[in-house]
Amino acid sequence: MTVQTESSFNAILEEARRRWDNLTAGDRPWIRVGTGLAGEAAGGFEVVAAVKAALEQHQVAANVSEVGTLGLCFAEPLLDVQTPGGPRVFYSQVTPELAERIVREHVAGGDPLAEHAIGYLGTQAQAPPGIPNLADHPMMALQQRIALRNAGNIDPSDLHQYIANGGYAALNKALTEITPEATLGEVRTSGLRGRGGAAFPAGIKWGFLAGNPDPNKYILCNCEEGDPGAFNDRGILESDPATVVEGITIAGYACNANRGYIFIRHGHNQPIDRTRAVIQQAYDLGLLGQNILGTDFSFDVEVALTGDSYVSGEETALMEAIEGKRSMPRYRPPFPAQVGVFGKPSNINNVKTLAYVPEIVARGGEWFAGIGTQPDPDNRINGSSGTAILCLSGDITYTGLIEVPLGMTLRQVLFDMAGGVPNGKTMKVLQTGGPLGGVLSASDANLDLVLDFDVFRAAGAILGSGGIIVADEDTCVVDLTRNLIAFCQYESCGKCFPCRMGMSHLLEVLERISNLEGTEEDLALMRNIGENMQAGSLCGHGQLGFNPVSSALRYFGHEFDAHIREKRHTGDCPDQVFSPRLTRR
Amino acid sequence: MDDGTLQLIDRAVNDQPQSTVTVLSSLLAIEDAIGYIPTEAVEAVAARMDATVNDVWAVATFYPNFRFEPPTDIRVEVCWGPSCHVMGATAVIAAAQESLGLSDEGDTPDGKATLHYNTCLGACAHAPVMAINHHLAGRITPDVARSRIAAALSSNPAH
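Protein chains in written order, with the working numbering: chain A, 1132 to 1716; chain B, 32 to 190.
So here's chain B without its partners, still in its complex pose:
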C-alpha cells in the first residue's frame, strides 16, 4: 500500500468531525476517503479505538456497504426494494447485468465497474431507481439503464 493511501486512512480515522468516535464511524470515514476497507485500515481503527482487529472485522463484515478490495471506477447501484420491484426493477437489474457482462452483483472481470444491489436508494417516488457513482437517477427503464452505463463506461477509459 502506498504512503498516500496510508495517510488518507490516518486522516480519516483521526480527523472525524463529530465528537463521538467509534469503530463504525471510523470505518465509514475510511470508506468515504478511499472507497474500501483494506487490512491496514482495520489495523488503524483497532489501534485508534483500543479494540482488537477481530472486533473491527466483526463490524466491517456486518454492514454490506463496506467492500474490501480497491473500488472500481464505476459503481452501479440498482434498487430492488418493493417500490422499485413493482415498477420494474427486475428488468433494470437484468439490463445492468447484461451491460456489464455480469450474472450477479460484483466487479467486472476487467476491474472497471461494480454492480451492487441496494435495498433502498431513497427516491421511491421515482422508482425504479439506480445510482452511478452515488448519483441518483429515477424512472429508469432497461434502455435508459443500458445507455447510462454505456456512457459511464466510455467516459472512464480502461486502466
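Excised from the complex, chain A in its bound form:
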C-alpha cells in the first residue's frame, strides 16, 4: 500500500459534517429515543415502534434514531424532537400513546406539548414557550461532560455523527502532528488515573508497555462491569462507543501496540452491537486496520465476549477469558506489560479511562489536569484529575448516569443534583464502588467527602467504578451487607481457597446474624475470616471482599449489636433471607 503524505481526514470530516447538517437542519425533523439498557427497561423499544407507526399513519417524514442515554435514566424512555434548525424538545417517561400524540401534534403539527416536556436544549432564542431549559435541570446543571460529551446526542452506531461532533480529530492530530512519545506525554501530563478501581496513573501504565520492544503488543479495554449499581461503562459503549474505539487506537499509537480488544459481557446487546458497528465503520473509513489515515501506523480492534463472571473484570482473569478459558486470575509477576494476553505484552484500561483519551489528546493534558482535585502530600492525597462518572441508583429521586468534576462533594451530587431521597424518608446508607466497596453511613462527615480517589480510600470506600447505591432509613444494613457478601460468594472464581471458603463462611455467619441467631463470637470470627481472605487471595475479589463487612461494622456496628445482643431487626428485613449460592465447578 502506498503511504500518502497527507492525511485523508479532511475529506472524511467534510462528509460527516454534511450528513450532520442534513440531520439537524435539513428538510425533516429528527426524533431521537433513548434505547440504552435503562431505556429498554423503561419501554424504549416500544416507543420507537410507536413513533414509526405514527409517522406512517400520519404520513409524516422524519428521521428516527435510537440513541444511548443522556444519563437522565429516571426520565426514560426519553424522546426528543428537533425540528429543522430548531431546539431539541425532550419528553420524559414517554408511553407509546404519548409518542403517537407527539408525532401528531409536535412533529407533524409543529406544536410542542409543553405539559409533557421535561426541557429543551438549544439557544435562548430558540426557547419554546412554557418549556424550561434542560441544561438548568439539577441533574444537568452541575455536570462537566467529557467522556459523556456525545451520550444521548448522537446515534451511537453511526461513526459519521461522532466525527461531525469532533471525533477522530485527536487521532488525526496524534498521527500527523505529534509523535507517540508526545501522545503518551499528554496522557502523563493529564494525570489521568485509571477508572477501573485501582486509580493507577494511566500514563505510567502506558509507559510500561511503550517501553517493551516486542513487535506484538495488545491494548485491552475492560467493559466486563459486573458491578451491580455501576452501569457507566456499558452506558458509554451503548451511547458513544466510538470515543472508546478512538481512545484505544490512540493508546495503541502511544504504546506502539498493534492490536486491541474491547471486552464485554455476553448478553449486554446494546454495548456489543453498537461497538461492533462503529468498529466496522472505522475500518471502512481507514480509521482502523492497515496504514491508518495513510500513515505507517496500523492497528486492529475487535470485541471479545465473556460469559457471566464478575472476576473476569480482574485484569489477568480478563486475559484468560479472552483466550477462551475459565476466567481465573494469574499470578503476578510477570505483569501484563511483560506477559499478557496470548503471552504478549498487554495494557489493560477501563472503558472510562480510554473514553477520556481523545479529549485529552485534542485539548492537551494540561487542560485535563486543571479539572479535579490537586495533590496534597501532607495528607497523602495524590490529586485526582478530570471528572467522576457516577451511576446513581437505589432510594434516590433522580437515578442516572452523570459526569461531574472531581472535587465536588457527595452532598452536592446526592442532594443538589439527584434530589435526595424521595417520599420524605431519610438517607441512611451509601454503597459505593461496587460489591467490594464500602457500606458508608450517610452522615454529615461522609456527605462532605469530596470525590477524590484517595479521600474515598481513607474513608474505607472506593470511588472506583463510580456506582453509588443509596438506601433509605427502612434498609437494614445487616441485610444489605449479607446481600453484598452473597454476591461476592456467588462470584468467587474458586481459585484461592481463602476466598472460596471465606466467602461461603462469611455468608453463613451473616445469614445467622440476619436471622437473629448470631453470637458475640461471630464478629471476631468474621474479622478472622476477612484477614485470611485478604492475606491469602490472589486478586482483589478476595483481598477486598471483606470491605463490605468491615465498613458496615465501622459505620453501623450498632445494627450488628442490635441483631446479636437485642435480637431485633434494624429495618424492614425480609422474613426469609435470600442468598443464592454458586460453586463454580
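I should point out that these hints are in silico values taken from the structure, not numbers from a laboratory.
Fair warning: there could be bad hints in the mix.
According to the in silico footprint, chain A covers these stretches of chain B (three or more CB under 8 Å from chain A) [stated by the list, open to error]:
| hint | segment |
| --- | --- |
| 1 | 87 to 101 |
| 2 | 106 to 118 |
| 3 | 144 to 158 |
| 4 | 165 to 177 |
Since we're looking at a predicted model, the values are computed, not measured.
Ideal Cβ positions, reconstructed from N, Cα and C, are used throughout, including at glycine.
Starting from the structure of chain A, add chain B where the hints point.
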C-alpha cells in the same frame, strides 16, 4: 439430536464473525444459536479448537449463563444485585417463584418456563429489574412480575 440442530451448531462454531476464535467464543455462539450446550456441541468445539472434551466442559461449567438441557420457551430472569435488592428484589423473586410454581431457580415441571437469578441485568437505575426472554423491564413490583409472567405463559401454549 436432529440434523437441523447439528447444522446450527456447526454453523455457530465455524462462522464466527470475529477473528479471535476460542473455546469460550464458540460456546457463546452455540448458546446464542440454540440456547444450550448439548454434548454434541462440546464435541464440536473440542474438534474445532483442537482441545479435549474435558477442556471444553471446564469452560462451559465455569460460567453460569450456560445451560445443558434444551431451553424452555420462557426464560424469566430476576436480578438480585444490591441495587435491585435495596429496591425490593426479594419480593419480586418470591412473586416470580409463586407464578411459576417453583421454590428455587430452575425449570418448571412442565418444561415450559425457566427461572434464573441474575447478578446484574444492567439497568440499575430502574431497579428492581427482570427480563423475560432477554427483554428487560424495570421498576418491577411483585404484581407486575406476576402479570408479566402470566402474560408470557398464556402467549406460549404448552407443547
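So, going through the hints one by one against the coordinates:
no., hint, verdict
1, 87 to 101, "holds (count 8)"
2, 106 to 118, "holds (count 9)"
3, 144 to 158, "holds (count 11)"
4, 165 to 177, "holds (count 6)"
Checked against the numbered hints given earlier, this structure breaks none of them.
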